[in-house]
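Read top to bottom, the protein sequences are chains L and V. Sequential numbering from 1 applies to the first sequence in our numbering. Sequential numbering from 1001 applies to the second sequence in our numbering.
These are calculated hints, taken from the structure and not from any lab test. Wrong hints could be hidden among the right ones.
What the hints assert, rightly or not - Cut-off 25 angstroms, straight-line C-alpha distance, at most; resulting in silico cross-link-like pairs (PhoX-like, lysine-lysine):
#1 L/Lys129 / V/Lys1360
#2 V/Lys1347 / L/Lys106
#3 V/Lys1099 / L/Lys50
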Amino acid sequence: MTTDAKPTQTARSRLEPEAMPRRDFLGLAAWWSAAAALLFGFLGAMRLPKAAVLPSPSKKFKVTLPASVATGQPYVPAGRSVAIYKDGANVYAISTVCTHLGCIVKATDSGFDCPCHGSKFAKDGSVLKGPAPKGLPWVELKHLGGDIFLVDEGKAVAAGTTVIA
Amino acid sequence: MNNVVEKRNAGEESAVGRFVENLKAAPHRFTETMFRSGRPHSDRTRSTFVFGNVFLHLHSVRTHRWSLRWSATWGLGIAAFSCFFVLVATGVLLMFYYKPYPDVAYLSIKDIHFVVPTGRFIRNIHRWSGNMMVVIVLLHMARVFYTAAYRPPREFNWVTGMGLLAVTLGLSFTGYLLPWDQLAYWAITIGANIAQSPREVTDALGMTQWFDVGGLQKLILLGSEEVGEEALIRFYLFHVMILPLALVALIAVHFWRIRKDGGLARPVDADTRLGPPSGEVYPVFTEAPQKTYSLAAIVKGRTAVVGRGPEQTIPSMPHLLFGEAAVFMLTIALSVILAIFLDAPLKEVANPAVPENPAKAPWYFLGLQELVSHSAFMGGIGIPMIVLIGLGLIPYLDRETEGTGIWFGGPGGRPLVVGSAIFGLAAVVAVEAFVIRFGWIRQWWPNTPQLVVTLVNPGTLLTFLYAVYSVWCLRKYDSTRAGALALFTCFVCGFVVLTVIGSYFRGPNWDFYWSPSQWPGH
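Please put together the full structure from these sequences, using the hints given.
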């Protein structure tokens, strides 16, 4: 039996294995660049399904408040998810979209009830019960003269904001 | 010219005669050429029948007797696949008339139901097969878990199965919107807002402005802020194209891995448990074995069949294939019977201004709906993610070997499963009863921060109880498998009880009622 005479700690020569062989390095680089190309290709392609212009209908609408609406009685314009209240000369609007999972809450004498998961809200929209994480937002209302108001469902205002009719 | 004359003179058949002969033999020869090796009468033709057929060659030529016992699988995998087959066939038929545009969609479903020949029947079959597929996939998962069939080398196939479960639920959910009725509209509104529910946490932490993953998810899902025409076409695309393709790809991997992982899992002592094959079984190797494969290369490594003789296996044709055909026919028969007697529901056309009261998701999501009625984020995303990740990790955490291939196998066994079922049922009933009777944090202390309400709710409490019980079992039996058995059984109990509560005991405003007859009129 002969054993190979190993050179004792000489300077690194080209014959000794490198920390990472050049071929391995190139191979890894090739794999990672392919993976990166796929990733960025995917991310780029995902820009398409994220709409730049939302097709949602306009959230601003004009409404004529009937004179018959009594203080504390909700007035919900047809097809809209906003309840408008008159309190003497003050008028305000509260969104009826539940902050939990987007069901339309029903305005009742005591406040608002959500049919989907049992959230209950007070008259001012604050949460009383159930899973809703936030109170119902008050939305922007502008007085256009007479009984006509401009409501913007998409624009929340601080609770307690009213306009004088 | 001369040759032809000579042949005629020799009294041989004329060209016309040969043509007629060939014409007569054509059907017979066509059948012969379609099946490459003739009828499956001998061992050899039985094997060529399987591997010489592009649709059947995913099967192995011989199947272990253990795998062919009904109690090994109850045929659930094939039943799930049969449902998918029926769904593709009926789904394609429905696409002849369905139009994915709001209101028009609803009218086209009405047409299918009332006008299109056999339309109602086909739609009913589609609906019932879809429901059956969800149930069967869940049962199949339970079977694989309780027989510990996820163990090496089958870990990855368990993960593939998780993917199949997710895609199956996704297919079911996307199909739910397509009729565009009230049920569909509000279920998808709720679903889309569950996708948005990470906002519950980002809002509480005040970082929604610059990190709104919830809003992004909803936007990609709906293509809009509300469920409308964009959402409908997206759900349609997912339902008829993206998810079926994903399902087919996953099924291919799933089936191929069953084969490559050595067939179905069975106990190490399966042969002694089975005893010698009965006399009726076609004997092994009555003919000289013929090599029926070609070796492309010889490589090192273990394969699942090395060192095992064929003595306990029997030809897949007819034993396995007939069993599969029987399961296939039973599945179709069940969906057809259900379709004859029970119509798929169709409510009024979707009305974005007035939700259904109560607005209920498909039944298999009603357990989740019960959870989201406590917290949207934890119920709709947090707990399901924990469950899915936990299920996916099972084969990588349980590295034991005791009980593989046996129902309720492993330390603890059947008594542990029964005990866990009792605990699982008791815990979920107790938690729900407490909440229904006494309410929860917000009713007691209205000013509790939202983050506390999100993290500490009946759903997370139940998850915590189950986890603690499972760790207790793990320590008691000194076995990961025992912990997994306890947790999985608890999870099944929780799922069943929450689904039943959501289905039968929740009425208008998601209030508790003992029976729908007590619901207030509305």
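Comparing the hints with the structure gives:
| no. | hint | verdict |
| --- | --- | --- |
| 1 | L/Lys129 / V/Lys1360 | holds, 20 angstroms |
| 2 | V/Lys1347 / L/Lys106 | holds, 21 angstroms |
| 3 | V/Lys1099 / L/Lys50 | holds, 24 angstroms |
The structure fails none of the hints (numbered hints given earlier).
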